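So the sequences go chain by chain: A and B.
Position one of the first sequence corresponds to residue 1 (the numbering used here), numbered consecutively onward.
Position one of the second sequence corresponds to residue 1 (the numbering used here), numbered consecutively onward.
In case anyone wonders, no lab produced these hints; they're calculated from the structure.
Predicted model, so just to flag it, every value in this text is computed and none were measured.
Treat the hints loosely; a few may be bogus.
[Stated by the list, open to error] FRET-style restraints, in silico, Cβ to Cβ: (1) A/Val385 to B/Lys122: 26 to 32 Å; (2) A/Asn29 to B/Thr108: 51 to 57 Å; (3) B/Thr108 to A/Val81: 44 to 50 Å; (4) A/Thr362 to B/Lys41: 30 to 36 Å; (5) A/Pro31 to B/Asp48: 28 to 34 Å; (6) A/Thr362 to B/Thr108: 27 to 33 Å; (7) A/Gln34 to B/Glu2: 36 to 42 Å; (8) B/Gly96 to A/Glu338: 48 to 54 Å; (9) A/Leu350 to B/Ala144: 26 to 32 Å.
[As the list claims (entries may be wrong)] In silico PhoX-like links for lysine-lysine, alpha-carbon gap of 20 Å or less: (10) B/Lys159 to A/Lys97; (11) B/Lys41 to A/Lys129; (12) B/Lys122 to B/Lys159; (13) A/Lys84 to B/Lys159; (14) B/Lys122 to B/Lys19; (15) A/Lys424 to A/Lys414; (16) A/Lys281 to A/Lys132; (17) B/Lys183 to A/Lys127; (18) A/Lys127 to B/Lys41; (19) A/Lys161 to B/Lys179.
[Claimed, not checked] Chain A stretches covered by chain B per the calculated footprint, using a threshold of three residues with CB under 8 Å from any CB of chain B: (20) 75-88; (21) 122-135; (22) 172-183; (23) 361-372; (24) 388-396; (25) 401-407.
Using N, Cα and C, we set each Cβ at its ideal position, and we do this for glycine too.
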Amino acid sequence: MADQGRTYEIRCPVHGFIPLSDWERDVINHPAFQRLRRIRQLAWTDYVYPGAMHTRFEHSLGVMHIASLLFEAIVRRSYGVLTKELGFTDEDLERDKQIVRFAALLHDTGHGPFSHAAEDVFPVDGKGKHYKHEAYSAVVIQNVLKDVIENHGLNKGPQIKAEEIADLLEGRSAAGRRLFWRQLIDGQMDADRMDYLLRDSLHTGVDYGKYDWRRLLNTIQVIQMEARAGESTPPGPRLGVTEGGVHAVEALVLARYYMFTQVYFHKTRVAYDHHIRGALKAILSGTFPPPSAERIGEYLSWDDWRVLGILADEKSGGEDGNRIRQRNHYREVHHTPECPTDGDRTTLGLIRKSLGDLVVTTEWSKTSTYRLEASDISVVTEDDVRRVRPLSYYSAVVRNLNQHPIDIVRLYSKPEHSEAARAKVAELLKDT
Amino acid sequence: MESFNPEARIAVLGRMVSKAPNRSLGRTQVMKLFYFLQELKGVPLGYDFRLFNYGPFDSEVLSDLSSGCGLEAVHEEVVIHANGYGYAITPGQQAGLLEKELDAMGSTLKSIVDQVVLEFGKSSASELELLSTILYVDREFAAADVPAGDKEITDRVQKIKPHFSTTVIRQGVLNMAAKGHLKNVPSHSV
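Work the whole structure out from these sequences, hints included.
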């Protein structure tokens, strides 16, 4: 193991003590990282769950910690596959671990005010799509943090370039074989997801995001499928778990499901997401520059504090700004069940038509940042046969979730019209 | 042109499945066919593909697949075989309803989808992982304005996918180039 210099520990409410090297501490102390203390993890969720005041700062430390534990567990359990079949050397693995730690630590440095809410006012790229915060994170790493990453004494040995961290984070081909580790940053069992479920659960005060992450660490490994009959090459190696980890990963999938329905897509939280997006549009439209080395400083000057300062002015943010200041949000007047039938969808259409202008916004779970996709994780048996099966083969719950995904639609009215809207809905539902 | 919404993408998925050999596709095939549709044919699906060691991937494709199952536009089953597992995505009971959605998007879209399925629909998951990675690497070099021939593309892909031989990767690069799919390697050069 390379010399880490002096080591430090930061107390984390989820993981206990998070160990850091002197090098990592310098990166954390950089203003571009300290800025994350001023960006809340869950935007305006504290209007529903008052404890949800945690920031991207503590989450980023947690992601680095979990990514590191996952990396070590995989190397410990799959050293043979990694070195013999994928060609990693011991030196590669040590260097890659540091790059993974930095990528995990810095993955959110490009977030705008109120996290995902700002993404609607990001400029658009050449394909007409809004830039994502990851594009800003890459520019921050390659420019603003380049010096503190590359010129630390502990980098004399590994010679890590800031660009290598950005390559891994962005999914660029220059990352080469190291792309294998991208699954730890963005995947079904990634460190980001593993941390935010536990952390959001703790701070909101709900228990839905908890799962046995230590058991998951204890069973994760590289899974190589054999080539199918008639094929010369098998699909690429994936991360999976041994059979003993089935219920740990099942619980991870369920934690996402519960957190989505109870927190991330909570009716009032969704209303405030709408209002903050509206207020940010009123305040910041056309303000954010595209991600570039030249203008990244301008972008980083925006955080929650600056927006809150503007929002404190009772004339700012338009109607949405007023609603936030007065906690006078749009009210949900109808929602579909989690797995609507054709009949439920028909009813939704009738209600929407009947309510007309009384509906001021329609929010759909499928377009939520936290939406769920079809989950499946490879599971390998622990006998000599080493058969690989998907999680959904073992878990009827996961199988059902894949076949019957969450598809909630929420209709909202202004508070002053919500009573009339609900009365109309009740009238319509009486006949269905 | 605006990006497709999820319903429109599910309609495209339904068309892909109905035109696939044996009216069945695996998850990797669906992922990579969507990638080819967006990247090669310029269909504005609105996906944001990023590179993994198993090729370009966007979890939103799986989210649409899941929605497609929920709407019964497609049906998905796990297929277990001796060496592992895969998925069989077939037309669902409500597949016909999506035809209208697709028709509303213009007559050429169907033929573009059919072309992509015809060209790549018979390839195995591992072949598609390789071909889509080759295309991703080619597009990256082109976007960065870095001159790169078949050797540079082969070398870069080899680093990402060490379990493929150089010969197999190079053949994949030449095949894609011969069809005019690569910006860096013109078809007349192979």
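Evaluation of the provided hints:
For the hinted restraint 26 to 32 Å between A/Val385 and B/Lys122, the CB-CB distance of approximately 30 Å keeps it satisfied. Evaluation of the 51 to 57 Å hint for A/Asn29 and B/Thr108 yields a pass: the beta carbon distance comes to about 56 Å. Our hint of 44 to 50 Å for B/Thr108 and A/Val81 holds, since their Cβ atoms are close to 46 Å apart. Judged by the Cβ atoms, the range 30 to 36 Å given for A/Thr362 and B/Lys41 holds: they are separated by roughly 31 Å.
Judged by the Cβ atoms, the range 28 to 34 Å given for A/Pro31 and B/Asp48 holds: they are separated by roughly 29 Å. Look at A/Thr362 against B/Thr108: about 31 Å separates their beta carbons, and that is inside 27 to 33 Å. Hint check: A/Gln34 to B/Glu2, Cβ distance near 39 Å, so the stated range 36 to 42 Å holds. Distance hint for B/Gly96 and A/Glu338: a CB-CB separation of about 26 Å, inconsistent with the stated range 48 to 54 Å.
A C-beta distance of roughly 52 Å is found between A/Leu350 and B/Ala144, which places it outside the suggested range of 26 to 32 Å. As the CA atoms of B/Lys159 and A/Lys97 are separated by approximately 18 Å, the hinted pair is consistent with the 20 Å bound. Distance hint between B/Lys41 and A/Lys129 is fulfilled; the C-alpha atoms sit about 17 Å from each other, no more than 20 Å. At roughly 26 Å between alpha-carbon atoms, B/Lys122 and B/Lys159 are farther apart than 20 Å, so this suggested pair is violated.
Taking the CA atoms of A/Lys84 and B/Lys159, the gap is about 15 Å. The hint holds against a cut of 20 Å. Restraint check for B/Lys122 and B/Lys19: the C-alpha separation of about 11 Å stays at or below 20 Å, so the hint holds. With a CA separation close to 14 Å, the supplied pair A/Lys424 and A/Lys414 stays within the 20 Å bound. Proposed proximity of A/Lys281 and A/Lys132 is supported: the alpha carbons are some 16 Å apart, at most 20 Å.
A threshold of 20 Å between alpha carbons decides the hint, and for B/Lys183 with A/Lys127 the separation of about 18 Å falls inside it, so the pair holds. For the hint linking A/Lys127 to B/Lys41, the alpha-carbon distance of about 14 Å falls within 20 Å, and the restraint holds. Pair hint A/Lys161 plus B/Lys179 does not hold up; C-alpha atoms about 37 Å apart against a cutoff of 20 Å. For the stretch 75-88 of chain A, the stated coverage by chain B holds: 3 residues have a C-beta nearer than 8 Å to a C-beta of that chain, and at least 3 were required.
Only when three residues or more bring their CB closer than 8 Å to a CB of chain B does the claim for the stretch 122-135 of chain A stand; here the count is 4, and the claim holds. Coverage of the stretch 172-183 of chain A by chain B holds in this model, with 10 residues showing a Cβ closer than 8 Å to a Cβ of that chain against a need of three. With 4 residues carrying a beta carbon less than 8 Å from a beta carbon of chain B, the stretch 361-372 of chain A meets the three-residue requirement, and the given coverage holds. With a cut-off of 8 Å between beta carbons, the stretch 388-396 of chain A has 5 residues touching chain B; three or more are needed, and the interface restraint holds.
With 5 residues having a beta carbon nearer than 8 Å to a beta carbon of chain B, the stretch 401-407 of chain A meets the requirement of three or more and the stated coverage holds.
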